[in-house]
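These protein sequences, in sequence, are chains A and B.
The numbering used here applies: residue 7 is where the first sequence begins, and numbers increase by one.
The numbering used here applies: residue 62 is where the second sequence begins, and numbers increase by one.
Think of the hints as simulated: they come from the structure by calculation, not from any bench.
Be aware that one or more of the hints could be misleading.
Straight-line C-alpha distance at most 20 Å; calculated SDA-like pairs for lysine to any residue [claimed, not checked]: (1) B:K190 to B:G106; (2) B:K190 to B:E104; (3) A:K113 to A:P70; (4) B:K476 to A:H217; (5) B:K173 to A:T309; (6) B:K476 to A:G231.
Keep in mind the model is a prediction, meaning the values are calculated, not measured.
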Amino acid sequence: MMETSSERRKILVTGVSAALGWFLGGGSALAQIALNPTRAQRQGDVLVCLFLRGGMDGLNAVIPYGEDAYYRARPTLAVPAPHDRRRAAEERAIDLDGFFALHPALKPLYPFYQQGRLAIVHACGSGERSRSHFEAMSAMERGAAEAKAGINDGWIARHLLSAPRKGASPLRAVAFSNVLPESLRGSTDAVALQTLSEFRLALPKTMEATHRETLLDTLRELYAGADKDGVRQTAQETLQVLQTLQRVQPSRYRPAHGAVYPDSELGRGLKQVACLIKAQVGLEVACLDKGGWDTHVAQGSTTGWMASHLADLARSLAAFATDMGAGLSGVTLLAMTEFGRRVRENSGLGTDHGRAGVMLLLGGGVRGGKVYGRWPGLQPPQLEEPGDLRVTTDYRTVLAEVVQRRLGNPHVARVFPGWRRAAMGVAVSI
Amino acid sequence: MTLGAADRLWLNRATFGVTPAELRRLAQMGRIAYLEQQLHPNEAGEDWLVRLRLRGFEVFQTYPAELGDQPVSEVLRQLQQHAILRAVYSRYQLHERLVDFWRDHFNVHARKGLCAYYLPQYERDVLRKHACSRFVDLLKATAQSPAMLLYLDNASNRRGVPNENYARELLELHTLGVRGGYTQRDVQEVARCFTGWTVENRFLRPRGRFRFDPAQHDDGQKYVLGQRLPAGGGQRDGERVLEMLARHPSTARHLCAKLCVHFMGTAPASTVQRLAQVYLQTDGDIAEVLRDLLLSEEFMQAAPVLKRPFDFMVSALRALNALTDGNRPLQEHLEKMGQPLYQWPLPDGYPHGEEAWKGTLLARWNFAIALCANQIRGTWVRLPARVGRTQSADALLQAVFCLSPEEPSLQPLRKRLQGSIAQQAAMILASPQFQRR
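Turn these sequences into a full structure, and let the hints steer you where they fit.
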């Protein structure tokens, strides 16, 4: 009980570095590493948590083409149904189950749906009704029903604290962003970084390499002590990550199985996640963001603003899944957004903030090939004031199932305080 | 706390970082007179060298509509350079801190659509011009600025099915606050009030100015926050809403709480309550609110807070009395630390607080090392040339913190400094002590 986490970490860092040394051999690039799942003693998946910021329009991503009300509410924005012969095949949505269809820009994800590795949860969301980006994001990132629930730390932070420890890698949680997301608030295991290759102490030409160790030692001493001090803890964490990453050479990483990541922020981010997973540095959680979904104006339909974001999303996820190959069995990717959008299009040919949205799950342990959730309908009396899709699946039901079944953390009640247990079967148990 | 130490703390919170010269000035003038000067900035009061450096920014001398042949990155380069130079060198440090506050409060993301081209005008004629005037004037100026009209899509808010984007953020972020007592219905009604508020883009008209388009305005009767706005109000609808919001007690509390966090990292309920009273009694006079806040007990007693990257960078440059052109090489460091100016995508502005910023310490360390080794092109520091480890360390500590090297809080740092003078300086700037104000 009294063993301090920093001691444990020290032991592990040594272990990880040694393993990496063995793993990488004499300067061999990560490119040559084949994924070897038997080597790691995995007790759960790596969680990749992708937040689609701005409120992705679920109705145009996964289209309820079986409802005429959808086409009535969106005369210019609606995506043509799969059977709409008036439009070219590539402009039509891709049928999933006779009622829902994928936006054509999401086509790269369709094979994974067919293989049962991509699941969709529709009409999903939180209890936050303010329709504020910030309140709704805050609720979801804290794992709360609504923003004012009084929960102040992030759900991923609580998961990291309550999960059976797989060890204490300094790279347990990484956010590929400028600031730490709220989901990691309260965690001392998380670092934010923009790119792996730039995550190093950059010494100017005038300083010799031997100075690096001196500087690192000084920093270690300066930031030592004071357990409750979050800045000091994160500083120590950062110094350990530096040590671990010294052996990884992300610039030489080559994706496997012919995967091609788009040259976008998301594509680059997921490529680095794959690199970290394959290097087996003890990564448990990676957080990424993709913005651009706040489509109040000129949202577009088959093509246009939102379609280009969907295309980037689909190509990035597909490249990641392809790159991971068999290793996808040890990964669960969650893509969520703070809310969906108003059913009716507005005067600017966009959509305003709404309620229920869509969540995507991708991974080897996902029961895919299905659109989950009870469909509340788009007829005016079925909507929530002032004209939004009702939430029929609490987003925490999906997250809790992933936490319990895929991440191997039995303490779901601690991760989602106040949530009423419910099962949906979207993931298989590890 | 000794008198010198109190002044030092006060300056570190009111400005972008204490310097020996600023400390002397404060000691001579006293806080009240110093504040008075800070709250009334005037271009002629700036040092001639500063005025010289601030000349020649093309983006501030060109009409937005004619800036279009420049790439957004060039507009951003100049905007950031201008902001950095003022923050580092301006005599009106408090004013600069306040402009930094408004940049987040009325955030406009330069990478959205054509927003970047309207940002120089926005920065100069809206944020800077009204930074410490009455809030209602600033609010009205933002509401009619092309930058905001485009950023929050009001430029395409037309009658029929209004676009709610601006209305919602106006209530939630700019004025009342999310728990300020408005409903979804209010959002929709406010959106109706602002239908027709757009940016001029008709043929042969002065493009890129505010325009009220009566043809696109919903001129019916509206109810906002329980008040009836009779039909036929035209452009007055929106103006009345802005006046109503600016004078609302929720706005007073929301704004005062945010000012507290910006200047002292925390917003105690009693302080917010008192400041809100000042706000309401003075018809939203920002200078009066600031005067009360900065002269309060709480301001001096608040626990030290983690500087944001921009604060950290500027305070480091000031501490070492650096000569900088504020150009791209410096801006690149700010990007790596996570706070490139005008580039926060969401309308709430860059966050405050440890939780948001503690994950990017490495980039701060790298900046400290590069700065002290004179490896940032366009930026130059002259470190005190002393011989002997103890002497140079003490001279550096004195210069950076404006404190005696014997000060107890500096001892953990003092005894660990080693290596060349550049290394020692870098470690001082990288230290936990320098990350906080």
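Going through the hints against the structure:
1. As the CA atoms of B:K190 and B:G106 are separated by approximately 16 Å, the hinted pair is consistent with the 20 Å bound.
2. A distance of roughly 12 Å separates the Cα atoms of B:K190 and B:E104; the hinted pair therefore holds under the 20 Å criterion.
3. Taking the CA atoms of A:K113 and A:P70, the gap is near 16 Å; set against the 20 Å cutoff, the hint holds.
4. Proximity of B:K476 to A:H217 is assessed by CA-CA distance (about 18 Å); at most 20 Å being required, the pair is judged to hold.
5. Under the criterion of a C-alpha separation no larger than 20 Å, the hint pairing B:K173 with A:T309 is consistent with the structure, at around 19 Å.
6. Distance check on the hinted pair: B:K476 and A:G231 sit about 15 Å apart at the alpha-carbon level, within 20 Å; holds.
Violation of the numbered hints given earlier is absent; every hint is satisfied by the structure.
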